[in-house]
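Number of protein chains: 2
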Amino acid sequence: MSNAKKVSALRRHISLLLLENSDLVDDILNRHSGDTATDHKVLLDQTAEICQSIIGLHAADLADLLESLPYDERLALWRLIPIERRGRVLIEVSDSISDDLISDMRNKDILKAVRTLDVDEQAQLARILPRHLLGRILTSLEPKQRAQFRGAINYDEECVGHIMDFKLITIRPDVTLAAVQRYLRYRKVIPDSTDKLFVTDRKNTLIGELSLANILLNAPETPVSAVMDKQPTLFQPEDQADEAAGAFERYNLISAPVVDSKGKLMGRLTVEDIVDVVNKESDSNLRRSGGLTPSEDVYAPVYKAVRNRWTWLAINLCTAMVASRVIGLFENTLSHLVALATLMPIVAGLGGNTGNQTITMIVRALALHQLEHGRKSYLLLKELGVAVVNGVIWGSVMGLITYALYGSPEMGGVMMLAILLNLLLAALMGVLIPLIMVKFGRDPAVGSSVMITAITDTGGFFIFLGLATLFLLP
Amino acid sequence: MSNAKKVSALRRHISLLLLENSDLVDDILNRHSGDTATDHKVLLDQTAEICQSIIGLHAADLADLLESLPYDERLALWRLIPIERRGRVLIEVSDSISDDLISDMRNKDILKAVRTLDVDEQAQLARILPRHLLGRILTSLEPKQRAQFRGAINYDEECVGHIMDFKLITIRPDVTLAAVQRYLRYRKVIPDSTDKLFVTDRKNTLIGELSLANILLNAPETPVSAVMDKQPTLFQPEDQADEAAGAFERYNLISAPVVDSKGKLMGRLTVEDIVDVVNKESDSNLRRSGGLTPSEDVYAPVYKAVRNRWTWLAINLCTAMVASRVIGLFENTLSHLVALATLMPIVAGLGGNTGNQTITMIVRALALHQLEHGRKSYLLLKELGVAVVNGVIWGSVMGLITYALYGSPEMGGVMMLAILLNLLLAALMGVLIPLIMVKFGRDPAVGSSVMITAITDTGGFFIFLGLATLFLLP
Numbered sequence: 005m006s007n008a009k010k011v012s013a014l015r016r017h018i019s020l021l022l023l024e025n026s027d028l029v030d031d032i033l034n035r036h037s038g039d040t041a042t043d044h045k046v047l048l049d050q051t052a053e054i055c056q057s058i059i060g061l062h063a064a065d066l067a068d069l070l071e072s073l074p075y076d077e078r079l080a081l082w083r084l085i086p087i088e089r090r091g092r093v094l095i096e097v098s099d100s101i102s103d104d105l106i107s108d109m110r111n112k113d114i115l116k117a118v119r120t121l122d123v124d125e126q127a128q129l130a131r132i133l134p135r136h137l138l139g140r141i142l143t144s145l146e147p148k149q150r151a152q153f154r155g156a157i158n159y160d161e162e163c164v165g166h167i168m169d170f171k172l173i174t175i176r177p178d179v180t181l182a183a184v185q186r187y188l189r190y191r192k193v194i195p196d197s198t199d200k201l202f203v204t205d206r207k208n209t210l211i212g213e214l215s216l217a218n219i220l221l222n223a224p225e226t227p228v229s230a231v232m233d234k235q236p237t238l239f240q241p242e243d244q245a246d247e248a249a250g251a252f253e254r255y256n257l258i259s260a261p262v263v264d265s266k267g268k269l270m271g272r273l274t275v276e277d278i279v280d281v282v283n284k285e286s287d288s289n290l291r292r293s294g295g296l297t298p299s300e301d302v303y304a305p306v307y308k309a310v311r312n313r314w315t316w317l318a319i320n321l322c323t324a325m326v327a328s329r330v331i332g333l334f335e336n337t338l339s340h341l342v343a344l345a346t347l348m349p350i351v352a353g354l355g356g357n358t359g360n361q362t363i364t365m366i367v368r369a370l371a372l373h374q375l376e377h378g379r380k381s382y383l384l385l386k387e388l389g390v391a392v393v394n395g396v397i398w399g400s401v402m403g404l405i406t407y408a409l410y411g412s413p414e415m416g417g418v419m420m421l422a423i424l425l426n427l428l429l430a431a432l433m434g435v436l437i438p439l440i441m442v443k444f445g446r447d448p449a450v451g452s453s454v455m456i457t458a459i460t461d462t463g464g465f466f467i468f469l470g471l472a473t474l475f476l477l478p
Numbered sequence: 005m006s007n008a009k010k011v012s013a014l015r016r017h018i019s020l021l022l023l024e025n026s027d028l029v030d031d032i033l034n035r036h037s038g039d040t041a042t043d044h045k046v047l048l049d050q051t052a053e054i055c056q057s058i059i060g061l062h063a064a065d066l067a068d069l070l071e072s073l074p075y076d077e078r079l080a081l082w083r084l085i086p087i088e089r090r091g092r093v094l095i096e097v098s099d100s101i102s103d104d105l106i107s108d109m110r111n112k113d114i115l116k117a118v119r120t121l122d123v124d125e126q127a128q129l130a131r132i133l134p135r136h137l138l139g140r141i142l143t144s145l146e147p148k149q150r151a152q153f154r155g156a157i158n159y160d161e162e163c164v165g166h167i168m169d170f171k172l173i174t175i176r177p178d179v180t181l182a183a184v185q186r187y188l189r190y191r192k193v194i195p196d197s198t199d200k201l202f203v204t205d206r207k208n209t210l211i212g213e214l215s216l217a218n219i220l221l222n223a224p225e226t227p228v229s230a231v232m233d234k235q236p237t238l239f240q241p242e243d244q245a246d247e248a249a250g251a252f253e254r255y256n257l258i259s260a261p262v263v264d265s266k267g268k269l270m271g272r273l274t275v276e277d278i279v280d281v282v283n284k285e286s287d288s289n290l291r292r293s294g295g296l297t298p299s300e301d302v303y304a305p306v307y308k309a310v311r312n313r314w315t316w317l318a319i320n321l322c323t324a325m326v327a328s329r330v331i332g333l334f335e336n337t338l339s340h341l342v343a344l345a346t347l348m349p350i351v352a353g354l355g356g357n358t359g360n361q362t363i364t365m366i367v368r369a370l371a372l373h374q375l376e377h378g379r380k381s382y383l384l385l386k387e388l389g390v391a392v393v394n395g396v397i398w399g400s401v402m403g404l405i406t407y408a409l410y411g412s413p414e415m416g417g418v419m420m421l422a423i424l425l426n427l428l429l430a431a432l433m434g435v436l437i438p439l440i441m442v443k444f445g446r447d448p449a450v451g452s453s454v455m456i457t458a459i460t461d462t463g464g465f466f467i468f469l470g471l472a473t474l475f476l477l478p
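As they're listed, the protein sequences go chains L and W.
When you line the first sequence up against my numbering, it's residues 5 to 478, in that order.
When you line the second sequence up against my numbering, it's residues 5 to 478, in that order.
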């Protein structure tokens, strides 16, 4: 059986044991209801079975499993994971559930779990740990590690400094490859994702990097300085993590050095950290476009879900109120021609669809830095051109349908003109909104969809009912 | 100057030269308009300058630069990139622009460019190359490579078999590490992203893998079989690429073997390929949610953009028509109470917002396999619970506002009830739509947002106007 299949079978086994057996969950959570239908011996056996299965699972698999379980089952499984493995699992789970997991642990156990981790991982957890424990974690570290920990937590979450790690091997330029190999054998272990060693001088200034492949491919008597790469791709702790991710992808990096402004080696970035960044980003893009906060757990209790979503609903309510008041301006027109009420959502809907298409494309182009030196006016003209073509085509279609339905050529004409104008408005705002947001330093992916829909709704109602008032009223 | 800054300066330099100088672009594209304002000598110098800058840029940087330029400037830059470098660039650009680039090349040049690539990369390009050239590419390959090429193009684009490469080093289990190192030195080069060698028997059956680190860390006289990993994480060519990506992330892999059903080594997957998969996925999720085809180029000419987007607009028109007809059913009610036309978009809008929030969360949970063994009924109840809470809160707010505006407590009551019911409908369909789509083997990320909006619009109008007809008409 392949590894992946074995893991999936173990996951399934644990899930089913917990999900189909609420007595077992109650027992693990010490909620003795009294009327337990299952024999206590059976419960003990099942608990032992789960503990056994946990041993076969990687921390990342356990994290996935925890996220896929409802609240009670999740907590029961968490209690069965040994303390010394929980640190790694906490690193892997998403923010939405780590709070619950941590608040189920005693301080002593949290500290024990955290101490199993490397400094950079401890710093990553610092954000979600209870504040009062940070001091105790700091005192448990050696002076050098303490400085690294303090450094890492001071960087913004989206900076290279926050995600870099400190597990690296440095060598001097003047030794031979044979000496390097002896040194590695003496060390006995090598950190994960090590594809290269960093070459530094006595003052810890980075002067090059040496890939493991180069150690193997060259004669043992060659000095490091003769085969090292003297112009490595390097990062500074203030660099944005997503830009570093771009560089990793572009240059196919496995690891890369991080240096301070004076060129001193501070740590390294690895492709593992980068893959996490890319995944988190795509996840949060997906969620933000739907109006969720970055970390809603699918099994979150109702009150948490309500709290998470209320902001977007409130904003939506306000924009809908504005659109509604715009319609209210034309109550007189509507009372003369009720058919207008039937048609107006079509104008608004088509505008919203067009505007969102434009915005999606511009937001993507901005994210890929495609508009930096590009001609923004060209882009605006292109989108307006698309709107004119679509407006004429679909406006005519709807104009004809309106004429067929209501027998009024004037009403068909108003419909067509309103669709055309609203699509133009949508294209114009679809280009301008993200560009203006970027100009003011905002993330164009957040909220621009809500804004464009608000504008095309309000604008659509206004244009359509306004034209109708001008041309259709007696 | 750091590497990244140098690259960005070169990119900017080329962009500005092309964008601010249409004579230069015309000259490169051989469009002599006659009234050229710039001296020919100056144009030659600028062309030489761009060619010089191109040398300093990686293929991936060139690809980004091409994508960020409008059509003419893009083509001009493409003509200045040497044929032997174009193959790599074609691998890196997105599908939306590769067609244009390839159709600007002569067959002879395409073949020349393709031959600079590895077999797996040639197979990746096969999809976008002119059909009649595939035969000529095949004949230029050696028999073994030809088989690999044929194999790779036969796998679906989303399978491991399509993205695996064949650049791997195999060794036998019975040799010593010293012999392995001698062999590597004799080979002189090692493929990119090689962190391990694959151990096979005489029949090419995979029996383990040996990391470069292990070669360096152990005594030279150790046999390979003693230090190799005998249970490597492995993949089969039929596996889904996005699941392989999950495994790479979970187990922090740099490379992994791909074997056929009999355990014979076929190729390998590398983290490079995986990062591409992850990026493509997040990109296409973003675009599909906005109703764009996967590959719309931001500088696409108007006719292409219109063609790309018309499907979603047509679907949107149809759903808007349905909603409009539902309103039409209540024209009598509306003619008695025009204020209803003002209020009805609010009910529909809040429902759409809630439904999209729910769908976003479910689609994400499905993508992360969080619902496989989970309790779907629990989820449905939770979402309905959230809808009740939000419906009561926001329904009351809107009910009171309606009462304040129109002085009619009955109308306020109808408003409240309609919002509550529409939010319940949104939650119900928000859970059911993606689950049903998965059941029928469809991707829940495509189109579910359009469906839920159609349902909450139509449903919202029906519920609100229906309740009004029941309770508000004299």
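The reader is advised that the hints may include incorrect statements.
Any copy will do: because identical chains look the same in the list, a pair fits if it lies in one copy or spans two.
Straight-line Cα separation of at most 27 Å, DSSO-like style, residue types lysine-lysine; simulated pairs [claimed, not checked]:
| no. | residue 1 | residue 2 |
| --- | --- | --- |
| 1 | K9 | K234 |
| 2 | K268 | K10 |
| 3 | K268 | K148 |
| 4 | K192 | K148 |
| 5 | K192 | K9 |
| 6 | K268 | K9 |
| 7 | K308 | K380 |
| 8 | K10 | K234 |
| 9 | K9 | K443 |
| 10 | K380 | K112 |
| 11 | K207 | K268 |
| 12 | K207 | K45 |
| 13 | K148 | K266 |
Simulated from the structure, these hints should not be mistaken for laboratory data.
Since we're looking at a predicted model, the values are computed, not measured.
So, going through the hints one by one against the coordinates:
no.	hint	in the structure
1	K9 - K234	between (44 Å within a copy, 17 Å between copies)
2	K268 - K10	between (45 Å within a copy, 20 Å between copies)
3	K268 - K148	within (15 Å within a copy, 48 Å between copies)
4	K192 - K148	within (22 Å within a copy, 40 Å between copies)
5	K192 - K9	neither (32 Å within a copy, 38 Å between copies)
6	K268 - K9	between (45 Å within a copy, 19 Å between copies)
7	K308 - K380	between (42 Å within a copy, 19 Å between copies)
8	K10 - K234	between (45 Å within a copy, 16 Å between copies)
9	K9 - K443	between (49 Å within a copy, 22 Å between copies)
10	K380 - K112	neither (58 Å within a copy, 36 Å between copies)
11	K207 - K268	within (8 Å within a copy, 50 Å between copies)
12	K207 - K45	neither (64 Å within a copy, 51 Å between copies)
13	K148 - K266	within (19 Å within a copy, 51 Å between copies)
The structure shown violates the earlier hints numbered 5, 10 and 12.
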